[in-house]
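Based on the provided sequences and hints, a complete structural model is requested.
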Amino acid sequence: MHVRVRGDRVEEARLEIYEPPRFFEALLRGRAYTEPPDITSRICGICPVAYQISAAQAIEAACGVAVSDAMRTLRRLLYCGEWIQSHALHVYLLHAPDFLGVDSALELARTAPEVVQRGLTLKKAGNDLMALIGGRAVHPVNTRVGGFYRAPGRADLLALVEPLQGALDAAEETVRWVGGFDFPDFTHEHEYVALRDPDRYAIEGGRLVSDHGLDIGPEGFEERLEELHVEHSNALQAVLRGRGTFMTGPLARYSLNFDRLSERARAAARAAGLRETCRNPFQSIVVRSVEMLYAVEEALRIIDAYEPPDPPAAEVRPRAGRGCGWSEAPRGVLYHRYTLDEDGTVLEAVITPPTSQNQRAVEDDLRRFVEGHLELDDAALTHQCEQAIRNYDPCISCATHFLTLDVERSG
Amino acid sequence: MSARPAGRVVVAGLGNVWRRDDGVGPAVALRVAHAAGSGVDVIVNAGEPVDLLDAWRGADLAVVIDAMRSGLAPGAYLRIEGDAGEVRAVGVSGHVYPLPHVVDLARALNAMPGKLLIFAVEGADFTAGDGLSPEVSAAVEGLARAVLEEVSAACAP
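Chain order of the listed sequences is A and B. So for the first sequence, numbering that gives the first Met the number 0 puts the first residue at 0; every next one is plus one. So for the second sequence, numbering that gives the first Met the number 0 puts the first residue at 0; every next one is plus one.
These aren't lab readings, by the way, just hints derived from the structure by calculation. C-beta: ideal position from N, C-alpha, C; glycine also. One thing to keep in mind: the hints can contain errors.
Claimed, not checked - Partial list, derived from the structure: chain B residues whose beta carbon lies under 10 Å from chain A:
| hint | residue |
| --- | --- |
| 1 | Gly36 |
| 2 | Glu47 |
| 3 | Asp50 |
| 4 | His100 |
| 5 | Leu104 |
| 6 | Arg106 |
| 7 | Leu108 |
Next up, the structure:
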């Protein structure tokens, strides 16, 4: 991260990401329409389900197939597993140590083993859901275009009820725990963008809405949003055309969908000091915990009413077409678009992950955050910036263990 | 090694089979699974070593096979008893907790198995792709035998 300071003003803050591009969009060209869910799930080890479901939905749209409600519900259940494990990882292993003045989850485990054990219990509940439905906890192998290779039986899922009930208590305790942390007085005014479902908290689909009036289906995504190359980073950045910086992810999702949370999750949020809208990125740890509670509840609700989709996958015949799909990855909206030829060969692929969508907002927040903390020396400022970056995304959170802060002070 | 009462035994091979010699742990674990029969829980962990905490919970013996890069000859291995202190992680992956950190975490959480043995195997090639290097591949049989001897000793009455 490069910061240029003149006097008491931060003139520029750049998050310089030199990780080489991986060219997934290019390597998908020429592959069969059945392959993108498995190939793109390899983009991320923490949110492979998001890639699988966004990709499958985009290809189903291109082929003119709408899956059944039962299929959508099973996908939602798998996705709950991913939300639980990703949020548990982020909250307990990556983010909470900052607020408690310890360097790592390991140090936290030495002073408060019961707390870390609670986090691992939650993470295991999510992993177990993913392993049962997806075939394994990391990069599931049971998903496909149209649905699943095999749908779990009702008895299989009922075996998860008891551990999920334990996870429910752990998740509620997590919201109480993180609600007691001290949060820096810092807010932003970015346009919030998230999916919104008419009936429930958006996870596997919905319309894309914002607090500035955006309301579109997946086909409108590229018309309204533009990905840009910037000179200082290999990571693409995204802006809303004509409007600029925006933010997706837990804060946006929560603030645009508070009324879609369960009563229990809303009550836990209020008791932890959140209002219906949250604009302090440091409180994202509370929002993630609320979403984790909701995801555990939702998993239990789905299992209670579960009947296996039969057949386990809708038939999807290839045809020439273009289809878009999206879903709410734990860190925000993940969009896929594919163009197929008549035998289902991928002619073009576009993938817009939430990390790139948020890049500008993160840089803007960091610029303002640094400006408010210029009295610190570079070492202390680096530490605080690492904490600030961990507000946004587990991938960037990991990466910031290696953050190099380059401060250029003058005047 | 002294005989231990029959008890639950877990053998875990850690590593990513798509990063060549990083796959030595899974390769050895699969040999052990084939030879050890149903009395031993054999796990291949390609994702998150922290899951070992649950895998070895309540086990009398856990044997973990993982790749390392320490400067030894490729295919050579260390047998580390109980304590991962002799092998330090040289970096923290963005995606996983390395094994020494998992052992430290298990100690802090009082979640260690009755006995922990680590076979740390020197790799030569950690680039993308499947298949072990010739040196590491040649070591797999011997490693599997060494692990099975530990398992037999633990299971002896």
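Under 10 Å, Cβ to Cβ, is where B/Gly36 needs to be relative to chain A, so tell me if that hint holds or is violated.
-> This hint is violated: B/Gly36 lies away from chain A, its Cβ roughly 24 Å from the closest one there, beyond 10 Å.
Hint status (Cβ of B/Asp50 to nearest Cβ of chain A, threshold 10 Å) | The hint holds - B/Asp50 has a Cβ within 10 Å of chain A, the shortest such distance being about 7 Å.
When the least beta-carbon distance from B/His100 to chain A is tested against 10 Å, hint result = This hint holds: B/His100 lies near chain A, its Cβ roughly 6 Å from the closest one there, short of 10 Å.
Double-check B/Leu104 for me: the hint is only fine if its C-beta lies closer than 10 Å to a C-beta in chain A.
-> 6 Å, holds
Chain A contact restraint for B/Glu47 - C-beta distance below 10 Å = For B/Glu47, the interface hint holds, since the closest Cβ of chain A sits about 7 Å away, which is under 10 Å.
Classify the hint on B/Leu108 as holds or violated, based on whether any CB of chain A lies nearer than 10 Å to its CB.
-> 5 Å, holds
Identify whether the interface hint at B/Arg106 stands, where standing means a beta carbon of chain A within less than 10 Å of its own.
-> Since chain A brings a Cβ to about 9 Å from B/Arg106, closer than 10 Å, the hint holds.
Comparing the model with each earlier hint shows a violation of hint 1 alone; every other hint is respected.
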